[in-house]
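Colleague: Numbering (my numbering), first residue to last: 283 to 742.
Don't read these hints as lab results, they were simulated from the structure.
Computed from a prediction, not measured in an experiment: that's the story for all the values here.
Heads up, some of the hints might be wrong.
[To be verified] Here are the simulated DSSO-like pairs of lysine-lysine, each with C-alpha atoms no more than 30 angstroms apart in a straight line:
no., residue 1, residue 2
1, Lys618, Lys515
2, Lys585, Lys515
3, Lys450, Lys690
4, Lys574, Lys618
5, Lys618, Lys684
6, Lys482, Lys515
7, Lys441, Lys730
8, Lys585, Lys684
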Amino acid sequence: MKHFLTATAALLFAILTSTLFSCKSDDEVTETVTFSNDCIVTGVTLGNLPREMHTTGYFGQDSAYVVSINGSYYPFHVDQINNRIFNTDSLPLRTIVSKTVFSAFNARGNILVRDLGTGSNVAYTTADTVDFSTDRLFTIVSTDGTASRSYTVEVNVHKQEADEFVWKQFAATNLAALSNMRLFAASGTLTLFAHNSAGKTLCLKASAAQPEAWEEHEANADIADPRGIQRFKDAYYAIGNGGLLASADGITWTVVAADAPINVLVAAGRTELAGMGADGFYSSADGTVWTKVVDDAPNNLPKESIASVRVPSLVDETYESLLLLGQNGGAPVVWKRDIDCTGGEIFPWVYYPVTEENIYGCPPLSLPSLFRYDGASVLVDLTADGSLAPLYVSRDNGRTWKTGVFAKPGITGATSIAAVSDEQNYIWVVCAGQGEVWRGRVNRLGWKNEPGAFNKMPAR
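Could you build the full structure based on these sequences and the hints that come with them?
Modeller: See the structure below:
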């Protein structure tokens, strides 16, 4: 009897269940609804957005038009720890975010967005257009109504043109009478070497935060030409009275090699200091012991207007190159030497001959400064009328030099200049004559890279 009752109860339960949840007919399907307390955003993708563009008409008038940009090219990062949703790569300047649409807004739960006018939450679907002129608050409510979670959603837009070069001018009157200048930048400090009107060697220092205020110090040695000073292994090196000199601060100099076989310093790498004597190139690992270096064109050595830069290897951090420019017989010459920083291989200095097919050869040089910027070598020089020459850019180790890549500052009336780049991706140009300092940067090189979903590999 007990087994009969149990079986009967099971049968009745099965009949009741099939009555409540089974199909009403063979052609009609009834879906069951499962409620959950999940409330989380799992992914967001932008749709197409309008962007206002500007152009200049035939008669110089400004004209505006609108284009569509594909928002899926700007991935969104969902920060579940801080409840933020944002695009790590900002949208282009003048994107109209007041008409933002999402092609996907994936969430477990019901999606609500806070209304800007009433402050109340209203239902949201990807068919809706949302005004992201300001950050918006999205709330995910679980389907069982027991939990909710709010996210701040940001649609970031650049406020600057990425490749626009912006220059700022600073007055510095105590620079006006200087000549033979050489500029260095490191750790937020600008260090300038120069001759004053009396021919004395000066070391001037300024904070990058206050480039109009320079502290002036007279060096305790006479440097033959401050333009030849090199920075090598946390010290400055120069040719002066007594031979090869070294200084930790640029003010107090001591002799390190009275009989060095060089009369000019030409370049500095990580492991080698390069100089040139009457019979060609030399190198030294410490400034005291010098070794002759082979070159392939002794008749084309740089004689004047010398500038150099260290070029790191893109494929092997143990290798680098020294790029050297100068004048010989009134014509520019370009030299390069590869360096194995481990000391395993020794390479010669190689001359780049002038060829007719290269229409972008090195320009004539006067008071050149050479430095690395945006992955390229940049040449800054002065013209005969005291204005700045176009900024020449080489991305192939000195073979070609092109203008029009970076805008130059409006320098006029300069009698001497020196330029350098720093860790903050600024280019600094110091000008004698007018006594001024210029600071410039490509906008995109000053933008902060915010970490996103794929910036760091997970720990193993």
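Colleague: Would you mind marking each hint as holding or not holding in the structure?
Modeller: Status of each hint after checking the structure:
1. Lys618 <-> Lys515: The hint holds at about 21 angstroms.
2. Lys585 <-> Lys515: Distance ~26 angstroms between lysine 585 and lysine 515 Cα, so the pair holds.
3. Lys450 <-> Lys690: This hinted pair holds, its Cα atoms lying about 11 angstroms apart.
4. Lys574 <-> Lys618: 16 angstroms, holds
5. Lys618 <-> Lys684: Roughly 18 angstroms between the alpha carbons, so the hint for lysine 618 and lysine 684 holds.
6. Lys482 <-> Lys515: 26 angstroms, holds
7. Lys441 <-> Lys730: 13 angstroms, holds
8. Lys585 <-> Lys684: OK: lysine 585 and lysine 684 at ~24 angstroms, within 30 angstroms.
Hint compliance for this structure: every hint is met.
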